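Colleague: Dock chains B, C and D against the given chain A, drawing on the hints supplied.
Number of protein chains: 4
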Amino acid sequence: MIVRIFVTGGTFDKEYNELAGKLFFKDTHVTEMLKLGRCKLNVDIRTLMMVDSSTMADSDREIILQNVMKAKEDRILITHGTDTMVATAKVLAKGVKGKTVVLTGAMVPYTFGSSDGLFNLGAALAFVQTLPHGIYISMNGRCFTWDNVKKNRATGEFHQIK
Amino acid sequence: MIVRIFVTGGTFDKEYNELAGKLFFKDTHVTEMLKLGRCKLNVDIRTLMMVDSSTMADSDREIILQNVMKAKEDRILITHGTDTMVATAKVLAKGVKGKTVVLTGAMVPYTFGSSDGLFNLGAALAFVQTLPHGIYISMNGRCFTWDNVKKNRATGEFHQIK
Amino acid sequence: MIVRIFVTGGTFDKEYNELAGKLFFKDTHVTEMLKLGRCKLNVDIRTLMMVDSSTMADSDREIILQNVMKAKEDRILITHGTDTMVATAKVLAKGVKGKTVVLTGAMVPYTFGSSDGLFNLGAALAFVQTLPHGIYISMNGRCFTWDNVKKNRATGEFHQIK
Amino acid sequence: MIVRIFVTGGTFDKEYNELAGKLFFKDTHVTEMLKLGRCKLNVDIRTLMMVDSSTMADSDREIILQNVMKAKEDRILITHGTDTMVATAKVLAKGVKGKTVVLTGAMVPYTFGSSDGLFNLGAALAFVQTLPHGIYISMNGRCFTWDNVKKNRATGEFHQIK
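Protein chains in written order, with this note's numbering: chain A, 1 to 162; chain B, 1 to 162; chain C, 1 to 162; chain D, 1 to 162.
Chain A on its own, in the form it takes in the complex:
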């Protein structure tokens, strides 16, 4: 089994620019995180974009959708900012059939040392291997179907709607 991983940015991959004192994107840390996790799963990683999900445009979601549809693998993990992860999941749900797609992200950048990113990546990779076809969000150790999940902005946690 090969798992396709699409990187889109989000807090997951943010870094600290020590000259400007600001957060920014450079390259994804997913490869490094998989190495740290001693992951021996067969994965194929592509970076589609490196953006804050709060600035993600409809055209960006279209790029993600097209790449998911065209991927020959039917197990797909997407790293994504948490702010609009649910919106992207909805777009995917309308267009993608016959694939298991799991979106995940992080509340704290991986480079900051005390990130939830490694935990989330491990969980998302396990969910994508085992769940039936569908579009899912994996956060907080749980997995939600795309049409029954909401981010609580006050706590940063994902919940079921129903």
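To be clear, the hints were calculated from the coordinates, so they are not data collected in a lab.
One or more of the hints may lead you astray.
To be verified - DSS-like cross-link-like pairs, simulated, lysine-lysine; straight-line CA separation at most 30 Å:
1. K40/D to K35/C
2. K22/A to K35/D
3. K162/C to K22/C
4. K90/B to K70/B
5. K97/B to K151/B
6. K22/D to K35/C
7. K72/A to K40/A
8. K35/B to K151/A
9. K40/C to K99/C
10. K90/D to K72/D
11. K22/D to K26/B
12. K97/D to K22/B
13. K150/A to K151/C
14. K22/A to K151/C
15. K72/A to K26/A
16. K99/C to K35/C
17. K35/C to K26/D
18. K90/A to K40/B
19. K70/D to K35/D
20. K72/C to K162/D
21. K40/C to K26/C
22. K162/C to K151/C
23. K22/C to K90/A
24. K94/B to K40/A
25. K99/B to K162/A
26. K35/C to K26/B
27. K35/D to K26/C
28. K72/D to K40/D
29. K99/B to K40/A
30. K99/A to K72/A
Said to hold, decoys possible - Between beta-carbon pairs, the in silico distance windows are:
31. G113/C to N42/D: 21 to 29 Å
32. T55/B to A57/A: 52 to 60 Å
33. K72/D to T145/C: 24 to 32 Å
34. K150/D to R153/A: 52 to 60 Å
35. K72/B to F24/C: 39 to 47 Å
36. K40/B to M50/A: 42 to 50 Å
37. T31/C to L19/B: 18 to 26 Å
Keep in mind the model is a prediction, meaning the values are calculated, not measured.
In this text, a Cβ means the ideal position worked out from N, Cα and C, and glycines have one as well.
Modeller: Only chains B, C and D this time, still in chain A's reference frame:
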């Protein structure tokens, strides 16, 4: 869904004694790791023992088996040293019916900062929520059935036998 | 010997707000850093302010100056943002006599795990114990007198002027 | 000013062998630590040995002494295990004249993420630049002369004798 977590020690939970310059066990870090992972899953954690799995006796495996059998939850995660994880899985396979049991561990102590533990914990928690009844080992981002897994001691990785 | 430590904020003490995705100040980490460094020096810590040094006003520098002058200790360490550390050192040089004052800071927040802060704190504490009276900046493993130092904004490093 | 750094091993440089589950020495981390500390001091690093100081023989101390005596720099930093740091300082005191030599070490390996090593290295580098000729031990944020220092093995801390 409630996931029962049984802690048995292993590299996962080792700490560094700075006076003696040696590794030792104190308390489990599983609670702290779940907090770092912002895990909101309903879990119930019990520490059964804090041992190196290379020193684990038959009587220790019997304790683990009895606790798994008596647990009212049917989703059970066991943190365990990697050296004899397969042996414990075999003991469980003989006695446990109607439950999903996932064993996981780590190659590097969580307290050392560059551990695979957080990744493994995330993956194991996802597998235990989704897999059908059976005894499994979750390592290296993958999940193995108890009767088709082997640790390669030269690389520290788990492989399928067949 | 008692070393007085005045905290004024700076990158040193910045934290990551995971809900807003922004850096902010809460409490100083100096106490925690001294504990990590197993520091057994007699220190007395006061937080004067928690600000970005780029937003530091003349009135803020006046507060720092007054506190340095009034301190009964003659060994004083100031944690400070690097952007205007030199400006504050100049203000202190005009008003402070008979004391050894060392300013230090960090390029990366201590909470990010790969910070220069712990190294800088160790060096500054050593310099403040050994140098004759005067106003100094301790960065990059070196110590500069207040009137012969400049921050290179392109590299983030401090250099001698002459 | 050039500071000569001699590496002799000690907890400072220990690493974790994940296959054996044991601590061991590979290469020194001093270069990496200086980089993390953005140290721009002119340093020249030589690894003399990589040993636990509890196993250090008289012949090892002789090697250190010879290297310190032959070094053309008069500012010398030695990284050393804490257990017999005082014994080595005594050997150096008998043979070395006209140089400032500072020994330092760590209670927790640098690779473990919560080490005092970076703090100690910063402090020792500052002390070696500022102190008059003599043999010193820099630990716990303080600096001790070779003939007035003792390690308390119960606490791991260094104290004055008198």
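Colleague: Evaluate each hint against the coordinates.
Modeller: Comparing the hints with the structure gives:
1. K40/D to K35/C: holds, 26 Å
2. K22/A to K35/D: holds, 21 Å
3. K162/C to K22/C: Violated, at roughly 38 Å.
4. K90/B to K70/B: holds, 18 Å
5. K97/B to K151/B: holds, 25 Å
6. K22/D to K35/C: holds, 26 Å
7. K72/A to K40/A: Given pair K72/A, K40/A holds - Cα atoms ~20 Å apart, limit 30 Å.
8. K35/B to K151/A: holds, 18 Å
9. K40/C to K99/C: Cα-Cα ~22 Å, so holds.
10. K90/D to K72/D: Roughly 21 Å separates the two Cα atoms, so the pair holds.
11. K22/D to K26/B: Between K22/D and K26/B the Cα gap is close to 17 Å, so the pair holds against 30 Å.
12. K97/D to K22/B: violated, 37 Å
13. K150/A to K151/C: violated, 46 Å
14. K22/A to K151/C: holds, 18 Å
15. K72/A to K26/A: Holds. K72/A to K26/A sits at ~28 Å (cutoff 30 Å).
16. K99/C to K35/C: At roughly 26 Å apart (the allowed maximum being 30 Å), K35/C and K99/C satisfy the hint.
17. K35/C to K26/D: holds, 28 Å
18. K90/A to K40/B: holds, 23 Å
19. K70/D to K35/D: Since the Cα atoms of K70/D and K35/D sit roughly 27 Å apart, the hinted pair holds (cutoff 30 Å).
20. K72/C to K162/D: holds, 27 Å
21. K40/C to K26/C: holds, 25 Å
22. K162/C to K151/C: holds, 13 Å
23. K22/C to K90/A: holds, 27 Å
24. K94/B to K40/A: Holds, because 28 Å separates the two Cα atoms, which is no more than 30 Å.
25. K99/B to K162/A: With Cα atoms ~27 Å apart, K99/B and K162/A stay inside 30 Å; holds.
26. K35/C to K26/B: holds, 20 Å
27. K35/D to K26/C: It holds: about 28 Å lies between the C-alpha atoms, which stays within 30 Å.
28. K72/D to K40/D: holds, 20 Å
29. K99/B to K40/A: holds, 26 Å
30. K99/A to K72/A: holds, 10 Å
31. G113/C to N42/D: 21 to 29 Å: Distance hint for G113/C, N42/D holds at roughly 28 Å.
32. T55/B to A57/A: 52 to 60 Å: holds, 57 Å
33. K72/D to T145/C: 24 to 32 Å: holds, 27 Å
34. K150/D to R153/A: 52 to 60 Å: Since the Cβ atoms of K150/D and R153/A sit about 56 Å apart, the hinted range of 52 to 60 Å holds.
35. K72/B to F24/C: 39 to 47 Å: Since the Cβ atoms of K72/B and F24/C sit about 44 Å apart, the hinted range of 39 to 47 Å holds.
36. K40/B to M50/A: 42 to 50 Å: At 28 Å between Cβs, range violated.
37. T31/C to L19/B: 18 to 26 Å: Holds - the Cβ-Cβ distance for T31/C and L19/B, about 23 Å, lies within 18 to 26 Å.
Checked against the numbered hints given earlier, the structure breaks hints 3, 12, 13, 36 and satisfies all the rest.
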